[in-house]
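**Q** Start from chain X and add chain F according to the hints.
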Amino acid sequence: METVGHVEAFVASSSPAVPAATVPPRHSVLVRVTHWITTLCFFALLLTGAEIVISHPRFYWGETGNVLTTPLFQLHIPSSRRLVPTGYGYVLPDQNGWSRALHFQAAWLAILTGLFYAISGFFTRHFWKDLLPSKAGLSWRGLWHEIVDRLRFKRPGEADASSYNALQRLSYLFVIFVLFPLVIWTGLAMSPGFDSAFPATVTLLGGRQSARTLHFFVSVALVLFLFVHLMMIFLAGFWSRTKAMITGRTDVRRERS
Amino acid sequence: MSTLSRRKLIISGLTATAGVAGLGVAAGLAQKYGLVPPDHGGLYGAGATLTYAAQRLLTRHSMAREFSRSQISPRPFQNEFAPLTEDFKRLQAGGFADYRLTVDGMVHEPASFSMGDLKSYPSRSHITEVVCEEGWSYIAEWIGVPLSHVLNLVGVHPQARYVVYTSTEPNTWDSIDMADALHPQTFLCYGMNGSELPVPHGGPVRMRLPRQLGYKNLKFITRLTLTDSMKKFGKGCGSAAAEFGYAWYVGI
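Going line by line, the protein sequences match chains X and F. Residue 30 in numbering that gives the first Met the number 0 is what sits at position 31 of the first sequence, and the numbering runs on without skipping anything. Residue 165 in numbering that gives the first Met the number 0 is what sits at position 166 of the second sequence, and the numbering runs on without skipping anything.
Chain X on its own, in the form it takes in the complex (with noise of 0.2 Å):
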C-alpha cells in the first residue's frame, strides 16, 4: 500500500492537475486488482462446484463413500445423475464437463493471484500495516463493541473510511490464513495425480471423503464470510466502498481534500 501511495504520490507532486492523488489511497493496486480476480474466481468456483454437487449431493466420513454406504449427511435436492437416490422423480441436466473444466481453470487463477497477493503483501508489508490488529484493538471489550455494534446494524465511524477495524482484521486474516489455505488444501487432496505423489495430503484429512466433506464445510464457510462481508458493505454504504475498491479511494476523503 505504501509503494504504491508513494508512486501517485510522487506522481501527483510532478502532475498538480490531480489534487486527489496526495491522499494514499483506501485500497493500493495490489488489494484492488486481486481482490476482482479473486471475486471472479470465487463465483466461477462456487457455481461450478455446486454444479458439481449436485452429480452426487451425498457426503461421506473417511476414505471411501458411494450410493451403497451410508453418508454422514445429504443434501435434500435433485441430482443430476440417475443411479443416487435423492426422492425426486427427476434428474437435472449434467452439468459437469464445463463444470469441472472451469472449476480447475479458476483454481489455478486463484492460486495464482493468491500467491502474487501473499508475495506482495509480505514485502509491501500489507499484512502489518493494513491487516493485522493493534494490541489496543486486540482488546476483549474492543472487539465485543464492534460485534454488537455490527449485530444491531450500526454504520461504521469516520474511521474506517479509511482504515479496517479489529473485527473486520481478524475476519480478512482468517479468510486470508485460514480458510483460503483450507480451500485449497482439501480440494488438493481429492485429486488422485496430486495424492499419489504427496499422500499426506489426504491421509492427514482422514481419507478422501473426508477431504470432499471438508471441501464443503470450508467452501459454506467461505459463502457465510461472503454474506456478512456483502451486508457490511451495504451498511457502510455500497457505492463508495465498491468505488474505493475500484478507484482506491472513498467519498469521504474527496469531501475533505
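No lab work stands behind these hints, which were simulated from the structure alone. A couple of the hints might just be wrong.
To be verified - Examples of chain F residues toward chain X, derived with CB under 7 Å:
(1) Y43
(2) L49
(3) L57
(4) T58
(5) A63
(6) V130
(7) G134
(8) Y137
(9) R210
(10) F243
(11) I251
For glycine and all other residues, C-beta sits at the position ideal for the given N, C-alpha and C.
**A** Relative to the frame of chain X, chain F by itself:
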C-alpha cells in the same frame, strides 16, 4: 509528467514483450517435454494444460496409494454402462473364449491376445480406490497384467506418444500418454477381489489406472492402438469424453 509517462510506456512495452516472449518459450518447452494435453484448445485449455503440465512434472513416477485388504469395500458400486451389444453378448455366452485384444498402430509386431494369452503373463494386483468425478469412491483389489508388459511384447516404436484404447461400448474410446501407459500400476485388468472381473465392472478386460479418475478406466477393452499424435483420432482432443467437455487428463 510526459517523461514519466514515456518511461512508464517503455517499461510496460518491455514487460509485455518479455511476457509474450516468455509465454512463447514456455509453450515451446511444454510442447517439447510432452506437457501439453491433446485437449489444450478451447475456453478451458489453459487450466487443462496447467494441470497436466504440473502433474507430469510432479507425478511422472509417483505411485497411487494402496490400501490394506481390510479396507476393501464390501459392496463395490457398479456404475451405469451402455446396453451390451449383440457381439458382446455372444462373446459372453461363450465364456469369452473368442475374446481378442488387438494391438496395432506404431508397434513392431501387431498382435492379438486371447484371455488365455493375457492370463499366461505374470499377473499383478493392487488394492486401490476407484474415484468417480461425481465424488463417490470405493476400494477393491484389481488383478491384471501390467499394460507395459503387453506393450513390451509387441515392441513400441520410439516415436509413439499415446496408447489409444477402445471399448465395445458405442463411441467409447480414450487414450493415455506413455508415462501412464508404462506406469507399473496401469493394468489390463481381468480380475477383481480374487475372482474374474465381473461384466458390470468391465469384464473381461478393463483399463485400470488408479492415478486418474474412474471414467478413464474404460470397461470392455478390445483394442489398443499406439500413435504419435491424437489428431488422428476423432476430433483430435484425445478421447470420446473430451469431445463432450470432460477433460482428457483426469489425474486432476
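**Q** So, F243 (chain F) near chain X? Judge it on the closest CB pair being under 7 Å.
**A** Cβ of F243 (chain F) sits 6 Å from chain X, so the hint holds.
**Q** Minimum Cβ distance from A63 (chain F) to chain X below 7 Å?
**A** Since chain X brings a Cβ to about 5 Å from A63 (chain F), closer than 7 Å, the hint holds.
**Q** Quick check on L49 (chain F) please, does its C-beta sit within 7 Å of some C-beta on chain X?
**A** holds (5 Å)
**Q** Can we keep the R210 (chain F) interface hint, with Cβ of chain X closer than 7 Å?
**A** It holds, given that the least Cβ distance between R210 (chain F) and chain X is near 5 Å, below 7 Å.
**Q** For the restraint on V130 (chain F), tell me whether the closest CB of chain X is nearer than 7 Å.
**A** holds (5 Å)
**Q** For the restraint on T58 (chain F), tell me whether the closest CB of chain X is nearer than 7 Å.
**A** This hint holds: T58 (chain F) lies near chain X, its Cβ roughly 5 Å from the closest one there, short of 7 Å.
**Q** Are I251 (chain F) and chain X close enough, Cβ to Cβ, to be under 7 Å, as the hint says?
**A** Result: holds, 4 Å to nearest chain X Cβ.
**Q** Under 7 Å, Cβ to Cβ, is where Y43 (chain F) needs to be relative to chain X, so tell me if that hint holds or is violated.
**A** holds (4 Å)
**Q** Holds or violated: is there a CB of chain X closer than 7 Å to the CB of Y137 (chain F)?
**A** At 5 Å from the nearest chain X Cβ, Y137 (chain F) passes the 7 Å test, so the hint holds.
**Q** Does the nearest C-beta of chain X fall within a distance shorter than 7 Å of the C-beta of L57 (chain F)?
**A** Holds, because the Cβ-Cβ distance from L57 (chain F) to chain X comes to roughly 5 Å (cut-off 7 Å).
**Q** Checking hints one by one. Is G134 (chain F) an interface residue toward chain X, by the C-beta closer than 7 Å rule?
**A** holds (4 Å)
Consistency with the previously given hints is maintained throughout, with no hint failing.
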